[in-house]
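Residue numbers (the working numbering): 286 to 434.
Hint data in this document are derived by calculation from the structure and do not stem from the laboratory.
We treat Cβ as the ideally placed atom computed from N, Cα and C, and that holds for glycine.
Treat each hint with caution, since some may be false.
Stated by the list, open to error - Label-pair distances were calculated between CB atoms; the ranges are:
id, residue 1, residue 2, range
1, Ile330, Val372, 29 to 39 Å
2, Ala318, Leu428, 22 to 32 Å
3, Leu337, Trp304, 33 to 43 Å
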Amino acid sequence: MSVDRLIGGLFLFACLLLWFWIIPQQVVGEEQAFYPRLTVILVAIPAALMFLRNKGRRITLAFFREGSDISKDLAVKILVLVLSYIVFLLCVEKIGFFVSSAVFCPLYMLFFAERNFWRISLTTCGLLGGIYIIVVQLLKYPLPAGLLF
(Lines of atoms letter the chains of each structure in order from A and count residues from 1; the text may use other names and numbers.)
(Lines give C-alpha, C1' and ligand atoms only; values in the text may rest on other atoms or scores of the structure.)
Protein backbone atom coordinates (compact mmCIF):
# COMPACT_ATOMS: atom_id res chain seq x y z
CA MET A 1 0.00 0.00 0.00
CA SER A 2 1.35 3.45 -0.85
CA VAL A 3 1.65 6.23 1.68
CA ASP A 4 -0.65 8.42 -0.44
CA ARG A 5 -3.40 5.83 -0.35
CA LEU A 6 -3.05 5.36 3.39
CA ILE A 7 -3.18 9.09 4.15
CA GLY A 8 -6.00 9.66 1.65
CA GLY A 9 -8.00 6.85 3.22
CA LEU A 10 -7.48 8.26 6.71
CA PHE A 11 -8.62 11.70 5.60
CA LEU A 12 -11.67 10.23 3.85
CA PHE A 13 -12.55 8.35 7.02
CA ALA A 14 -12.20 11.57 9.04
CA CYS A 15 -14.42 13.37 6.52
CA LEU A 16 -17.08 10.69 6.87
CA LEU A 17 -16.96 10.98 10.65
CA LEU A 18 -17.28 14.75 10.42
CA TRP A 19 -20.11 14.69 7.87
CA PHE A 20 -22.33 12.02 9.41
CA TRP A 21 -21.62 12.16 13.16
CA ILE A 22 -19.66 15.14 14.45
CA ILE A 23 -21.23 18.04 12.53
CA PRO A 24 -24.85 16.91 13.10
CA GLN A 25 -24.20 16.49 16.84
CA GLN A 26 -22.18 19.65 17.41
CA VAL A 27 -23.69 22.20 14.99
CA VAL A 28 -27.32 23.23 15.41
CA GLY A 29 -29.13 24.43 12.28
CA GLU A 30 -28.58 24.00 8.57
CA GLU A 31 -27.25 27.51 8.00
CA GLN A 32 -24.68 27.11 10.75
CA ALA A 33 -23.58 23.74 9.34
CA PHE A 34 -22.90 25.17 5.87
CA TYR A 35 -19.30 26.26 6.46
CA PRO A 36 -18.20 23.09 8.30
CA ARG A 37 -19.72 20.92 5.57
CA LEU A 38 -18.08 23.02 2.86
CA THR A 39 -14.75 22.56 4.63
CA VAL A 40 -15.30 18.79 4.76
CA ILE A 41 -15.99 18.76 1.01
CA LEU A 42 -12.85 20.79 0.31
CA VAL A 43 -10.80 18.32 2.37
CA ALA A 44 -12.49 15.23 0.90
CA ILE A 45 -11.74 16.10 -2.75
CA PRO A 46 -7.91 15.99 -2.47
CA ALA A 47 -8.20 13.07 -0.04
CA ALA A 48 -10.14 11.10 -2.65
CA LEU A 49 -7.55 11.99 -5.29
CA MET A 50 -4.78 10.81 -2.99
CA PHE A 51 -6.67 7.60 -2.26
CA LEU A 52 -7.17 6.85 -5.96
CA ARG A 53 -3.54 7.44 -6.94
CA ASN A 54 -1.53 4.45 -8.11
CA LYS A 55 1.88 6.03 -7.64
CA GLY A 56 3.59 6.85 -4.38
CA ARG A 57 6.14 5.53 -1.95
CA ARG A 58 5.51 2.04 -0.73
CA ILE A 59 5.45 1.45 2.98
CA THR A 60 6.44 -1.68 4.75
CA LEU A 61 5.90 -2.90 8.23
CA ALA A 62 9.64 -2.96 8.88
CA PHE A 63 9.10 -0.27 11.48
CA PHE A 64 7.43 -2.86 13.70
CA ARG A 65 9.82 -5.78 13.10
CA GLU A 66 12.69 -6.76 15.35
CA GLY A 67 15.96 -5.29 14.11
CA SER A 68 14.30 -2.54 12.09
CA ASP A 69 16.08 0.62 11.00
CA ILE A 70 14.50 2.82 13.65
CA SER A 71 16.97 3.80 16.31
CA LYS A 72 16.28 4.17 19.97
CA ASP A 73 17.33 7.82 19.70
CA LEU A 74 14.52 8.50 17.24
CA ALA A 75 12.00 6.72 19.44
CA VAL A 76 13.13 8.78 22.44
CA LYS A 77 12.86 12.01 20.41
CA ILE A 78 9.32 11.15 19.36
CA LEU A 79 8.37 10.33 22.94
CA VAL A 80 9.90 13.59 24.23
CA LEU A 81 8.02 15.54 21.56
CA VAL A 82 4.67 13.96 22.43
CA LEU A 83 5.20 14.41 26.17
CA SER A 84 6.28 18.03 25.75
CA TYR A 85 3.14 18.73 23.73
CA ILE A 86 1.03 17.27 26.54
CA VAL A 87 2.89 19.47 29.05
CA PHE A 88 2.26 22.47 26.77
CA LEU A 89 -1.48 21.76 26.72
CA LEU A 90 -1.53 21.47 30.51
CA CYS A 91 0.41 24.74 30.83
CA VAL A 92 -2.10 26.53 28.59
CA GLU A 93 -4.80 25.83 31.17
CA LYS A 94 -2.65 26.96 34.11
CA ILE A 95 -0.62 29.95 32.88
CA GLY A 96 -2.46 30.97 29.71
CA PHE A 97 -1.99 30.57 25.99
CA PHE A 98 0.44 33.40 25.28
CA VAL A 99 2.86 32.73 28.13
CA SER A 100 3.03 29.00 27.51
CA SER A 101 3.37 29.56 23.76
CA ALA A 102 6.15 32.10 24.35
CA VAL A 103 8.00 29.44 26.34
CA PHE A 104 7.33 26.38 24.21
CA CYS A 105 7.70 27.88 20.72
CA PRO A 106 11.45 28.56 21.17
CA LEU A 107 11.87 25.19 22.88
CA TYR A 108 10.30 23.40 19.92
CA MET A 109 12.47 25.35 17.50
CA LEU A 110 15.56 24.38 19.49
CA PHE A 111 14.35 20.78 19.52
CA PHE A 112 14.14 20.86 15.72
CA ALA A 113 17.74 22.12 15.51
CA GLU A 114 17.18 25.81 14.87
CA ARG A 115 20.07 27.65 16.51
CA ASN A 116 19.78 31.19 15.12
CA PHE A 117 18.71 33.42 18.02
CA TRP A 118 17.15 36.11 15.83
CA ARG A 119 15.18 33.62 13.78
CA ILE A 120 13.82 31.98 16.93
CA SER A 121 12.94 35.35 18.48
CA LEU A 122 11.30 36.79 15.37
CA THR A 123 9.35 33.61 14.67
CA THR A 124 8.03 33.47 18.23
CA CYS A 125 7.08 37.16 18.28
CA GLY A 126 5.58 37.03 14.79
CA LEU A 127 3.56 33.91 15.53
CA LEU A 128 2.18 35.20 18.82
CA GLY A 129 1.59 38.69 17.41
CA GLY A 130 -0.23 37.26 14.40
CA ILE A 131 -2.40 35.04 16.59
CA TYR A 132 -3.19 38.00 18.85
CA ILE A 133 -4.16 40.29 15.97
CA ILE A 134 -6.17 37.75 14.01
CA VAL A 135 -7.79 35.65 16.72
CA VAL A 136 -8.16 38.04 19.66
CA GLN A 137 -8.59 41.43 17.98
CA LEU A 138 -10.25 40.68 14.63
CA LEU A 139 -12.24 37.54 15.44
CA LYS A 140 -12.89 38.53 19.07
CA TYR A 141 -12.25 34.96 20.18
CA PRO A 142 -10.98 34.67 23.75
CA LEU A 143 -7.94 32.45 24.13
CA PRO A 144 -7.39 30.53 27.37
CA ALA A 145 -6.25 32.86 30.12
CA GLY A 146 -4.34 31.56 33.08
CA LEU A 147 -2.66 32.96 36.16
CA LEU A 148 -0.57 35.53 34.32
CA PHE A 149 -2.88 36.68 31.46
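- Structure versus earlier hints - violations, ascending order: Violated hint (a single one): 3; every other hint is consistent with the structure.
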